[in-house]
Each structure stands twice: as C-alpha cells, then as structure tokens.
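Protein chains: 2
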Amino acid sequence: MKGINMIQLAKELGLSVSTVSKALGDSHEISAITKKRVIELAKKYKYKPNPFASNLRKKKGKQIAIIIPDIVNNFFSLVVDGIESITMAKNYDTFIYLTHESLEREKALLEHLENGLISGLIISVSSGKEGYGHFQEFYENTKLPMVFFDRVPDLLQFPKVISNNYDCTFDATLRLIKAGCKRPIFFSTTEPLFTNMERIRGFQAAIAHAGISFTDDMVVKCSDDMDYNYSILRKLFISKKRPDGVFASIEKFAISLYQVCKDLKVNIPRDLKVIGMTNLRTAALLSPPLSTISQPAFNMGKEAATLLLKMIEKKSYAAANDIIVLKNELTIRESMQS
Amino acid sequence: MKGINMIQLAKELGLSVSTVSKALGDSHEISAITKKRVIELAKKYKYKPNPFASNLRKKKGKQIAIIIPDIVNNFFSLVVDGIESITMAKNYDTFIYLTHESLEREKALLEHLENGLISGLIISVSSGKEGYGHFQEFYENTKLPMVFFDRVPDLLQFPKVISNNYDCTFDATLRLIKAGCKRPIFFSTTEPLFTNMERIRGFQAAIAHAGISFTDDMVVKCSDDMDYNYSILRKLFISKKRPDGVFASIEKFAISLYQVCKDLKVNIPRDLKVIGMTNLRTAALLSPPLSTISQPAFNMGKEAATLLLKMIEKKSYAAANDIIVLKNELTIRESMQS
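Here the protein sequences line up with chains X and U, keeping their order. Take 14 as the starting number for the first sequence in this note's numbering and just add one per residue. Take 14 as the starting number for the second sequence in this note's numbering and just add one per residue.
These are calculated hints, taken from the structure and not from any lab test. Hints are not guaranteed to be accurate.
No copy is singled out in the list; a pair is fine if it fits within one copy or between any two copies.
Derived EDC-like pairs: lysine to aspartate or glutamate, alpha-carbon spacing no greater than 16 Å straight-line [unchecked claim]: (1) Lys-103 - Glu-117; (2) Lys-75 - Glu-124; (3) Lys-253 - Asp-230; (4) Lys-253 - Asp-284; (5) Lys-49 - Asp-39.
Can you build the whole structure from these sequences, using the hints too?
Here you go:
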C-alpha cells in the first residue's frame with residue numbers, strides 16, 4: 014500500500030498543499046508553529062517525500078509528442094535519442110507515436126492531440142501524397158509549437174531541421190561515376206517526400222554533370238516491403254540491364270540489395286558499386302563494408318528539440334521560418350572502390 | 014479554415030451531437046422532420062463528415078502505453094511493430110515511452126500515467142535493481158491491465174510474454190563447445206534482469222554439462238555504452254586469457270565484438286567462435302555471417318497486445334497468471350563453424 018501523500022497531509026491539517034510543501038522544505042515563508050504541526054503529523058504517518066511526485070508537478074503539461082514513420086529504421090531511432098537527450102535534461106516528457114507511413118493514422122493522431130494536453134510536437138511526415146493541409150489546420154486550431162525534421166512539409170512555414178540531401182547525393186553519385194560506373198541507378202521511395210525529391214535532383218544533376226543522359230529507368234522505385242524489394246531487385250540483377258552502380262536512398266533498400274547480390278553472387282565492388290544512405294551501426298562490418306552517407310541523426314534530434322523548447326518557453330512562433338541545415342557525412346568503404 | 018463540425022451543427026440546431034450524428038446516418042431512431050432539418054443545415058454549411066473524428070470518438074480512452082528501454086535495439090523495434098499490428102486493427106492508439114534504462118524515468122512515467130487516461134500498459138522493465146515495487150504500487154492505485162514482455166518482474170503476478178532464454182542459451186553454449194571452444198565467455202549486462210539471469214543459468218548449466226569448471230571471469234559484464242564495451246573487449250582480446258568462444262547476450266555486445274576483432278585482426282571463426290542474441294537484419298550479411306539466437310520479437314508483441322486487449326475488453330484480470338513462453342530461433346552461420 015502507498016503511504017500518505019502531501020495532499021492527504023494538507024487535508025488533515027487544514028492547510029494548502031503548497032504550505033505543507035514549504036513547511037517540509039523549511040521555507041522562511043512558514044511560521045515555526047505551522048512547521049512543527051506539519052512535521053509532527055508527517056512523522057506520525059511516516060510520510061516520505063516522493064522525489065518524482067514533486068518533479069512531476071513541475072512537469073505538468075510538459076509533454077512533447079514525437080511523430081515519426083517507424084523505428085526499425087536506425088535513422089529515426091537515433092533522432093529520437095537526440096531529441097530525448099535535450100528534453101530529459103529539461104524535464105519534458107516525450108512520447109513517440111508511429112504513423113507506419115500511413116497518412117490516415119497521422120491525421121487521426123493530430124485530431125487526437127488537439128485536446129491540448131501537450132506542449133509541442135516534433136514531426137517527420139509519413140507521405141507528401143495529399144500535401145500537408147492537416148498540419149496547417151492543426152496549427153490553426155491549437156497554435157501549438159511544431160518543428161519538422163528530415164521529411165518536412167517544404168512549402169509550409171514551420172521551423173525545420175534538415176540535412177544537405179541535394180549536395181551529398183550529387184557528390185556521392187559523381188564518386189560512383191569516377192569509380193567506373195557507366196550507368197548508376199537510384200533506388201527511390203514511392204512517396205513524394207521532400208527528402209527523396211532533393212536526392213533525386215542531386216542524382217540527376219550529377220548524371221548530367223558527367224555527360225550521361227538521364228533516362229527514367231535510372232530511378233527504381235522500391236517499397237516499404239522488404240520482400241517486394243528483394244523480388245524487384247532480383248529481377249533487375251538477372252536482367253540484361255544489370256546496373257553497375259547503385260545509390261540506395263533508404264537503409265532497407267541497401268540491405269535488400271546486399272542480400273540479392275549475395276544470393277546471385279554479384280561481386281561488390283567488382284561488378285557493382287554501392288552507396289547507401291544509412292545510419293546502420295554495422296555498415297563497416299558488412300561483407301564488403303558498405304559506403305555510406307550518414308545523416309547527423311542524433312544532432313538533428315538535438316537541434317529540433319532545442320528549437321521546439323525555445324518556442325515553447327518563449328511562447329513565440331518567431332522561429333517559424335528557421336531552417337537548420339546540417340551536413341551529412343560521406344564515408345567511402347570497400348563497396349565503392351574502383 | 015476548418016469547415017463546420019458536428020458539434021457546431023448540433024449547437025445551431027439545438028440538438029444533441031448524438032441526435033445530429035444519427036440523423037446524418039439516417040437512423041430509424043430519428044424522425045423524418047428532424048432528419049430534414051439536420052440535412053438542410055448540413056448542406057447550407059457544406060458540412061463534410063470527418064471519418065477520423067467519428068473513429069476517434071469510438072476510440073475515446075482506447076490508448077495503450079508501451080514502456081521499453083530503447084529503440085536502437087532491433088528487438089524492441091520489432092516488438093513494437095508486433096504490438097501495433099494488433100492494436101491498429103482494433104483501433105487502439107499506442108504511445109511509446111523510452112526509459113533509456115533509467116529506473117527513475119520509469120518510476121516518474123508511471124506516476125505520470127496514474128491520471129488514468131490510458132486503458133492499459135505493455136512493459137519491458139529497465140532494471141531489476143530495486144525490485145519491482147513501483148509496478149505493484151501502480152497497479153494497486155490504478156487497477157489498469159498490464160502485460161510484461163521479455164524483461165519481466167519474475168516474482169510478481171502479472172501476465173508475461175517471454176522466450177525460452179534458459180534452453181536456447183544452454184543449446185548454443187554446447188554448440189560453441191562442440192565447435193571446439195575450450196573456454197567460452199558470456200557477455201552479460203550489468204542489470205539483474207530476469208532475461209539475463211536465465212541466460213547465465215543456461216550458460217553455466219552447459220559449461221557444467223560439458224565438464225568444464227565454471228569460473229567467475231567467464232561472465233564479462235558489458236555496459237550500455239558502446240565505447241566502454243569496445244575498450245574492455247579490446248583489453249580482453251590482447252590479454253593472455255583471450256577467449257576462444259563468445260556468447261553475446263545483447264545485440265550491441267556482438268557489434269562491439271566484431272569491431273574489436275576486425276581492428277585486432279582476430280579471425281572469426283578460426284580464432285574465435287561467436288554467437289549473438291539479436292534480431293539484426295544484417296546478421297547474415299556481416300563478415301563473417303553472424304550466428305544468432307533471434308527472439309520471436311514480432312510475435313512477442315502480438316501475443317502481449319492480444320493478452321492486454323483481452324484483459325481490457327473483458328475488464329478482468331483473470332489472465333494475471335498467464336505466462337506465454339515463445340521459442341527463440343537458433344541460426345548457425347559461419348561465425349560458429351569449427
């Protein structure tokens with residue numbers, strides 16, 4: 014059974030909770046007589062202060078919702094860790110909500126959160142399919158601070174934390190070409206996400222820069238389903254148009270590709286050069302070690318949380334136009350050697 | 014701007030929201046005259062039913078909290094996906110809270126959730142350091158259904174979903190010995206978790222079974238910090254007592270070990286045989302492919318969610334003593350070949 018709490022103590026003494034709290038904290042605002050009464054009753058009931066309870070009172074309403082597509086992808090897990098490294102230090106509670114790439118789920122959640130129990134949101138969108146009107150509407154109804162990261166609603170005026178997707182895809186694609194690829198392929202998501210469009214732009218620009226003529230089949234659409242991806246990649250690699258270089262824009266595409274190459278005995282890097290956008294902890298331990306573009310996931314989370322807390326605590330939306338652009342890191346490993 | 018909603022319609026008509034809803038749904042409970050009034054006003058304001066709003070009304074209070082240590086570990090990510098495969102189909106909202114292995118955070122979170130806005134909890138504990146009194150207390154205060162998985166409070170009467178840690182560690186350790194290891198080592202967590210204790214028991218039993226005398230230094234304590242683990246494993250592998258076999262009980266221990274072996278050029282499996290407990294998607298693609306014990310993470314999530322929903326919907330705690338034991342899967346790959 015739980016012991017007596019401060020509310021019960023206050024009731025029995027006919028005092029306010031705040032007075033009891035101050036008396037137990039030996040505050041100079043409380044008379045010696047009242048302190049004595051409080052302490053005696055507290056002793057009688059073996060009252061023990063609960064460090065978490067007082068912490069929680071301070072935290073009232075200090076809750077932040079993190080809305081992300083999934084957590085099996087290492088990128089989002091690391092962003093969450095970055096966010097929580099900031100919010101934990103400032104005594105904010107965070108809870109994570111997964112959309113599983115479903116726009117419907119995302120919309121339903123926003124309606125649900127309109128009740129106003131939270132102080133702010135950090136979001137990476139599920140899809141760009143129908144635009145981002147639901148976020149705008151949510152903001153108009155609640156005026157809650159919102160920060161977007163990575164997959165952002167590019168045309169809306171919300172603060173955003175992104176990374177230099179265009180530049181790094183451009184650079185990496187040129188590196189593939191310099192390593193000997195005549196016809197690199199871009200593995201793309203099916204959703205019209207800002208991140209993906211930036212990467213495709215970078216890819217196309219590099220192709221043009223190298224004097225290769227771009228054709229639509231140089232962008233291969235992969236899905237969220239790894240079995241499906243395995244089967245289309247397998248078909249691609251037993252076809253006559255087998256690519257000699259791949260830019261995998263999503264972690265799971267690179268994993269499926271490695272699996273296909275292993276099964277078909279396609280030698281990486283001799284027959285195929287590969288670079289993947291991923292924060293996979295095992296990239297350097299794969300056979301062969303995978304060249305990667307790593308997004309600064311932990312830092313993206315830190316920046317997004319810092320921006321959000323600034324907005325919450327200043328109660329202002331002055332940061333609405335802030336766009337923080339962080340640098341991705343290119344690491345060349347054996348998978349891309351010429 | 015948002016269009017008119019059902020509440021506003023009801024207000025203007027002087028009707029209850031429920032009547033308006035039934036009128037729009039052409040219910041036989043509502044008179045023709047009222048239906049006409051409602052539909053006319055709805056047309057005038059271009060009212061559009063919001064499919065999520067009606068869904069949300071049904072969902073009122075259908076919220077489940079998932080409390081887990083972290084999501085960078087693939088095991089927990091997959092369990093969450095398993096849980097949500099069940100809860101999404103039944104229109105429950107789920108929120109994930111990370112304890113980051115902090116007992117304090119876990120306690121604070123429980124106090125926070127005592128407000129009763131949720132219908133139930135699915136939990137994997139952060140630590141067994143101080144026992145599990147806070148869960149018992151939470152239950153006594155709230156009577157909310159709770160299901161534990163994997164890291165469970167073994168001595169408390171809550172429903173639990175676990176996997177056969179003792180048996181599979183016993184089997185895998187014997188396999189290490191049969192593959193030629195004279196002195197296998199167990200990489201352990203520092204927390205007194207039920208899962209870990211079961212695995213150590215299995216390891217010790219296999220050692221005894223093989224006629225090897227167990228010494229305390231056959232259990233090496235790793236921490237939550239990968240840099241720390243790297244440094245202690247490096248020391249271990251440049252020492253005279255270099256192990257010839259390792260059972261890594263946690264995913265990140267296996268990753269650190271592979272990194273150390275790569276850097277020190279310790280040849281796996283020639284000089285060292287390795288098996289890791291992990292759901293790492295890249296296990297088969299590592300150099301060399303890692304032998305694994307995979308917990309049935311997705312199924313554990315499904316089972317835990319199914320049990321919880323049963324308890325919530327029957328409003329009974331009849332399942333309190335249920336313990337569901339699922340089987341782990343042992344996959345031998347090159348890292349363990351003799």
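Comparing the hints with the structure gives:
When the C-alpha separation of Lys-103 and Glu-117 is checked against a cutoff of 16 Å, the pair qualifies only between copies, where the shortest distance is 15 Å, while the shortest distance within a copy is 32 Å. Taking the shortest alpha-carbon separations for Lys-75 and Glu-124, only the inter-copy value of 14 Å comes in at or below 16 Å, while the best intra-copy value is 19 Å. Taking identical chains as interchangeable, the C-alpha atoms of Lys-253 and Asp-230 lie at most 16 Å apart only when both belong to the same chain, with a minimum of 13 Å there against 57 Å between chains. When the C-alpha separation of Lys-253 and Asp-284 is checked against a cutoff of 16 Å, the pair qualifies only within one copy, where the shortest distance is 14 Å, while the shortest distance between copies is 42 Å.
In this assembly of identical chains, Lys-49 and Asp-39 lie within 16 Å of each other by CA distance solely inside one copy; the values are 10 Å within and 68 Å between copies.
Consistency note: the structure conflicts with none of the earlier hints.
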